[in-house]
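Chains as they are written, first to last, in the working numbering: chain A, 863 to 1256; chain B, 863 to 1256; chain C, 863 to 1256; chain D, 863 to 1256.
In case anyone wonders, no lab produced these hints; they're calculated from the structure.
Incorrect hints may appear among the rest.
One copy or two, either will do: identical chains are not told apart, so a pair holds if it fits within one copy or between any two.
[Claimed, not checked] Calculated pairs, DSS-like style, for lysine-lysine (alpha carbon to alpha carbon, straight line, at most 27 Å):
1) Lys974 - Lys1000
2) Lys1000 - Lys1164
3) Lys1107 - Lys1215
4) Lys1085 - Lys867
5) Lys1215 - Lys1182
6) Lys1162 - Lys1224
7) Lys937 - Lys974
8) Lys1253 - Lys1182
9) Lys1062 - Lys1246
10) Lys1062 - Lys1253
11) Lys1215 - Lys1040
12) Lys866 - Lys1253
13) Lys1220 - Lys1253
14) Lys1246 - Lys1173
15) Lys1253 - Lys1085
16) Lys1062 - Lys1224
17) Lys937 - Lys1062
18) Lys1220 - Lys866
19) Lys1116 - Lys1162
20) Lys1040 - Lys1220
21) Lys1215 - Lys1000
22) Lys1062 - Lys1040
23) Lys937 - Lys866
24) Lys1116 - Lys1173
There are 4 protein chains.
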Amino acid sequence: MNKKKIINDPIYGFINIPYEILFDLMEHSWFQRLRRISQVGLTQLTYPGATHSRFHHALGAMHLMWESIGLLRGKGISITEEEARAACTAILLHDIGHGPFSHALEGTLIRKSHEDLSLEIMHALNDQFRGDLGLAIKIFTGEYPRVFLHQLVSGELDVDRLDYLGRDSFYTGVVEGKIGTNRIIKMMNVVDDELVIEEKGLYSIEKFLMARKIMYWQVYMHKTVLAVEKMLISAVSRMQMIIDKNGVPQCSQKFHRLLAGDNSLELFLQLDDTDAIYALKNHQMFSDPLLSYLSEGILKRKLFRSRLSTKPFSVDTSEKILEQLVNTLDIDENTARQLIFSGSETTQFYDWKPRQIKFLMKDGRIRPFEEISDLGDTRHETTKYYLVYPKMGM
Amino acid sequence: MNKKKIINDPIYGFINIPYEILFDLMEHSWFQRLRRISQVGLTQLTYPGATHSRFHHALGAMHLMWESIGLLRGKGISITEEEARAACTAILLHDIGHGPFSHALEGTLIRKSHEDLSLEIMHALNDQFRGDLGLAIKIFTGEYPRVFLHQLVSGELDVDRLDYLGRDSFYTGVVEGKIGTNRIIKMMNVVDDELVIEEKGLYSIEKFLMARKIMYWQVYMHKTVLAVEKMLISAVSRMQMIIDKNGVPQCSQKFHRLLAGDNSLELFLQLDDTDAIYALKNHQMFSDPLLSYLSEGILKRKLFRSRLSTKPFSVDTSEKILEQLVNTLDIDENTARQLIFSGSETTQFYDWKPRQIKFLMKDGRIRPFEEISDLGDTRHETTKYYLVYPKMGM
Amino acid sequence: MNKKKIINDPIYGFINIPYEILFDLMEHSWFQRLRRISQVGLTQLTYPGATHSRFHHALGAMHLMWESIGLLRGKGISITEEEARAACTAILLHDIGHGPFSHALEGTLIRKSHEDLSLEIMHALNDQFRGDLGLAIKIFTGEYPRVFLHQLVSGELDVDRLDYLGRDSFYTGVVEGKIGTNRIIKMMNVVDDELVIEEKGLYSIEKFLMARKIMYWQVYMHKTVLAVEKMLISAVSRMQMIIDKNGVPQCSQKFHRLLAGDNSLELFLQLDDTDAIYALKNHQMFSDPLLSYLSEGILKRKLFRSRLSTKPFSVDTSEKILEQLVNTLDIDENTARQLIFSGSETTQFYDWKPRQIKFLMKDGRIRPFEEISDLGDTRHETTKYYLVYPKMGM
Amino acid sequence: MNKKKIINDPIYGFINIPYEILFDLMEHSWFQRLRRISQVGLTQLTYPGATHSRFHHALGAMHLMWESIGLLRGKGISITEEEARAACTAILLHDIGHGPFSHALEGTLIRKSHEDLSLEIMHALNDQFRGDLGLAIKIFTGEYPRVFLHQLVSGELDVDRLDYLGRDSFYTGVVEGKIGTNRIIKMMNVVDDELVIEEKGLYSIEKFLMARKIMYWQVYMHKTVLAVEKMLISAVSRMQMIIDKNGVPQCSQKFHRLLAGDNSLELFLQLDDTDAIYALKNHQMFSDPLLSYLSEGILKRKLFRSRLSTKPFSVDTSEKILEQLVNTLDIDENTARQLIFSGSETTQFYDWKPRQIKFLMKDGRIRPFEEISDLGDTRHETTKYYLVYPKMGM
């Protein structure tokens, strides 16, 4: 059986599967499960094109790893077959620890970080594959001495980020967020086992930083995306509360177990977005009016009002909203408080200190981005405050 | 409230919503439901990028309608505001009658054609919108005398087809299927209320026909796509059979009602892909081993073997497979027979007779495609025979 | 005769010629001449794809004007047919005053600025077209009260710049310089007859500014481009000097007249890049060794050495080079001095003061770019110093 | 000095120069000369974007060769460094024998075919490079036993054709002519030293054939392109006739020598498009009214009338035109006859016999295109008759 398949990809044209183990891992039901986990949660309520899956992202990142390795080898960097295979394996599995609705429910419904879960699952797979994933795990955790391999998996310019920024820009249609992935990869090099960018790639990096900033505010922190996310979190908390009060939420048995706090890996690996949507669908008509309200809102796209501001919202503002909520929705103050989300998000265009992007100058020197860019002080931070709450009279 | 939104689209850049009624229809829960119905069913098991929804296709087709109208107006064709609004409405709703997994289950689980269901739903919406969809319905059914408006909704070169071919090519990454939508639209004109293509557009049409042929065989009739579809149909029949025998399939109440033969529109409008996937997920471990086998196969991508041939498969071949199935899977002959799918599909590059593509020559004459193309006899048909059955020892 | 032609364009797909006068102007021999003037001079010696002509740029800018007008009209801004026609005319002719090798020889061989020459030629055409260009000239010069029309021709975000940045990025293959022309135009609006950008377009503008910066340094001020330009200037000065000394340079009679100082418009309109290249070709073997050296260098791509630095070059450095030149090329000090070019170029990412890009906020307010962008202080300037001189032993 | 440069390319992104000899050949003045020879002659009078040079095409074809070699090596085909270097050299130089206005003047002004001239020049370069081009020449002429290397340089699916079809489609903006170069190359394989296409690539080949047909009629045989070509041929013949009659045409000394019949390689290598355009520019005002008429027509785009038909034009038609010409232009019948061009061009969609495109089936068999395509009989020929003559009253 030929396992060196070629897969069509709208972004890269073709994705090759260079090693048999990658094919075997892809065929594993734990990995197939990623087909049913969307890459950007419910962002498709804002950007209808953004229906792409974690499965596809993992494949894309693996493709970029393979391209990077080929490129670096072409520049004379020696990378053994074993290293190449392990780096591809590590990136293929880097997101396997994502659960229903990825980031949105991480930290609430899913107690552990997806990185930790990915590592746990890699270890479990390593057992199944008789230790064949040992080097991949070392590269993933950063224990392997050739640091650039880890940097390609998880660094300032890793292929994970290159793929997800590019893919999310592509599928949302936010073309301002497009990055020159190909060209960034062509500018990669390795000096003393560390990843560097060749001087000629400066402008590609500058555009990458700009695109990243744009994607952040235009997509990941888009106010409607934020509203949906908060509604989803509310709905799930509400389901959990119902269980705590010995109620029975209308969902699959397995999702029930998850809501009830079962943290087992075996359970986790059977869940995907479908379970969460199914739960929402069932709760559109439910005895708890708040949960019905939230479920219906998400499914029928009757979304919360979401406000973004460069200044914090006053306590007054939220107190007023609270009062209105109590009156309009006929709920108690405590419940109402759970429906108001406020907070802030901060990003930095480029942080000068840690995990710097380093450049290999034509004269052989290594210099950090900030010394050679002419963009001025790129450390400027942006903070946006959000206030998300039900539309009255919805 | 501003209802003239702009929506990002990976293919067209931006989609404008030119009339408020379109926004109101889009916000309707019946339409929002299309977000959870994939455009090409389970094709993503073959082409991982193909996760796009019917919702998105409907928006895209509406965009093309609006572009076509603008183009034709620019050429001096008078189209009233009422006509434009109705044509956009008709195309926005043309696929609203699609149910779970679209085409795959049409004719088996869903008894009516999606066109009939779309019309029924349009009538229901017309009631809700106080008759505001009257003209749209006339255009949809072809009763309106200005034929080109109907042709744009449903004809040889309608915007439905232009969008879905383009969109499916885009999301699958089968770039050979890409069509020059923009250029075809720019070549449209209207003579005596009939749609024509200007002579200069001949090559765009030729490439369109080629792309259509390629999409047909490369995507819609791809052998793996076919295998998944047949497995899905089997699984659903099996669920129905279980109900017939008073068994209780593990699915949502509503999906149960559908399986049991409830044809009501009210039920239909509450169902989407999630219900079908949820049912498959639940049947991975089920008392009926055949249904488990099928459900697990689809979800974990352990697919049936699929063979395509330009010649019919001999009876011998299928009898042999039948025997092997009975032995390997330990099932009775009757059951085994349900797991073997054979048949054929035929396409024609371009049919010279009905619904011809007509060209407006520079000298003002109207001539059919076959008279001005130099592609030779384009009526050639292709028939492919398929044989789909379980992999033994899967 | 149908003058409303459609022209294929690699960037925009199709370019329409919306008014007959535009067709007539395009057919005029003065305009056809722009086919033989390259848009970016000898930049193709660095970027082989950059062979595009001024002719094509003028068409492209006209296309963007027509798109902008359509867009603005769609938003309810009233623009009369006369205004639209005049704005298209003004932009079509805005660069007609370019001579051989455009910018490179402006200010040396060509004494007047190309803007002044364009205006002179527009007046001459206005006479030929019986005053039909009156309004176009007013828009071009900024005398017409509806300022946004002039801003579209010549402003911070004019269609001239949108086309040339986009076109130069496209043809050079410097994709980092790609701008979202389409999206910027879709975000245009007019308030009190002034051009504004809608708030949603902020990110498109940020990316535009970044792309502009990149194009500046990566293309227009690329060190090899600079070297060629300085060589060309030297060669032409040398030809002029030979005339001053009663020598006879080997070039066309007309180019000779230009070199000799004939500033007449009639002469100017007969010259193009061909005359300059022909002169270089003829001087590859010429009695003046310096001119031969320069001519051959340009044609055979034996280019000067070009150095860029963020710090000024010391006097020492250039004196040393001077000395070497005198010794190596066997020329006198004075001549050698003419072969060394030093200077500096400064750009600003975005200047906060004049001709600001203004945004129309969702709440109706008008605010300048710097108040709503989160890019930090975008006034940062970049200065680069160059030193261009012959390679020794070339 | 680093000779392994990276060159920006609008089509492929980056072009690498993999061997030093390629850089040295590119730097050679004979090769630099190709910068001044346009790839498609005066086609830019019809498609303003088509200003690309032979230089760029040669680079592009070399890039595709390098890609093909990498691809084939990745599939396990052994190709030595020497072979790779020679194949890249052969393709880089395959068009070096093109003269002013490429194909248009081949056979009239330039007596030899460009292939023969390319070979002559390769031999001359081989002397200069001390025999380093020996293998390249063998591959070019087909003497080298590993046939696929020659097939890549000159075969049914060579990289020359892949580049020029792609490049001409790109620069003209005739997107219907776009071919999937990347995908075709990815489908290449070698069996018994012959080039084959893998079965999966069938649709890419079908689209390639369609695109080729379209480019042929839409660009290479476009009626305006034809008109310009015939005018150019006329103008040059007229210059030759003037010399025969001891007249002195106004052109460069070297172009004069060429017109007078000097076939030396040394002369040929000093000429380019500039010489021809310069000659036209000078003859706009010339004692021979016919030559003036032609020269001015080309430069000011007052083109001949061009008619295409699927049926031959009757003798009557041309006799009538002849008569009108004599009367309108006041020329004698003989001269008039030289201004009327008639003839025909025939193409075949795909010729089944020679140099077949062969496919490597999944089962290992080798089968020709016509056996596996379902496009029907693809041998259909198209013949178009043209009649080109001066517009009366021009």
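Going down the list of hints, with the structure as the test:
1. Lys974 - Lys1000: within (20 Å within a copy, 56 Å between copies)
2. Lys1000 - Lys1164: Intra 46 Å, inter 31 Å, cutoff 27 Å: neither.
3. Lys1107 - Lys1215: neither (48 Å within a copy, 63 Å between copies)
4. Lys1085 - Lys867: Cα proximity of Lys1085 and Lys867: across copies only (15 Å, versus 40 Å in one copy).
5. Lys1215 - Lys1182: For Lys1215 and Lys1182, the Cα distance exceeds 27 Å both inside one copy (42 Å) and across copies (41 Å).
6. Lys1162 - Lys1224: Only across copies: Lys1162 and Lys1224 sit 26 Å apart there, 57 Å inside one copy, limit 27 Å.
7. Lys937 - Lys974: neither (40 Å within a copy, 43 Å between copies)
8. Lys1253 - Lys1182: Classified as within; 13 Å inside a copy, 64 Å across copies.
9. Lys1062 - Lys1246: between (34 Å within a copy, 16 Å between copies)
10. Lys1062 - Lys1253: Between copies only: 23 Å across chains, 51 Å inside a chain, cut-off 27 Å.
11. Lys1215 - Lys1040: within (25 Å within a copy, 30 Å between copies)
12. Lys866 - Lys1253: between (52 Å within a copy, 20 Å between copies)
13. Lys1220 - Lys1253: Neither. Shortest intra-copy (48 Å) and inter-copy (32 Å) distances fail the 27 Å Cα cut-off.
14. Lys1246 - Lys1173: The answer is within: 7 Å in one copy meets 27 Å, while 38 Å across copies does not.
15. Lys1253 - Lys1085: Close inside one copy (14 Å), not across copies (49 Å); limit 27 Å.
16. Lys1062 - Lys1224: Classified as within; 8 Å inside a copy, 40 Å across copies.
17. Lys937 - Lys1062: Within one copy, since 15 Å is at most 27 Å while 32 Å is not.
18. Lys1220 - Lys866: Answer is between: at 23 Å across copies they meet the 27 Å cutoff, but 35 Å inside does not.
19. Lys1116 - Lys1162: both (25 Å within a copy, 18 Å between copies)
20. Lys1040 - Lys1220: both (22 Å within a copy, 25 Å between copies)
21. Lys1215 - Lys1000: within (25 Å within a copy, 54 Å between copies)
22. Lys1062 - Lys1040: both (19 Å within a copy, 17 Å between copies)
23. Lys937 - Lys866: Both ways: Lys937 and Lys866 sit 25 Å apart in one copy and 11 Å across, limit 27 Å.
24. Lys1116 - Lys1173: Neither, since 42 Å and 47 Å both go past 27 Å.
Consistency note: the structure conflicts with the earlier hints numbered 2, 3, 5, 7, 13, 24.
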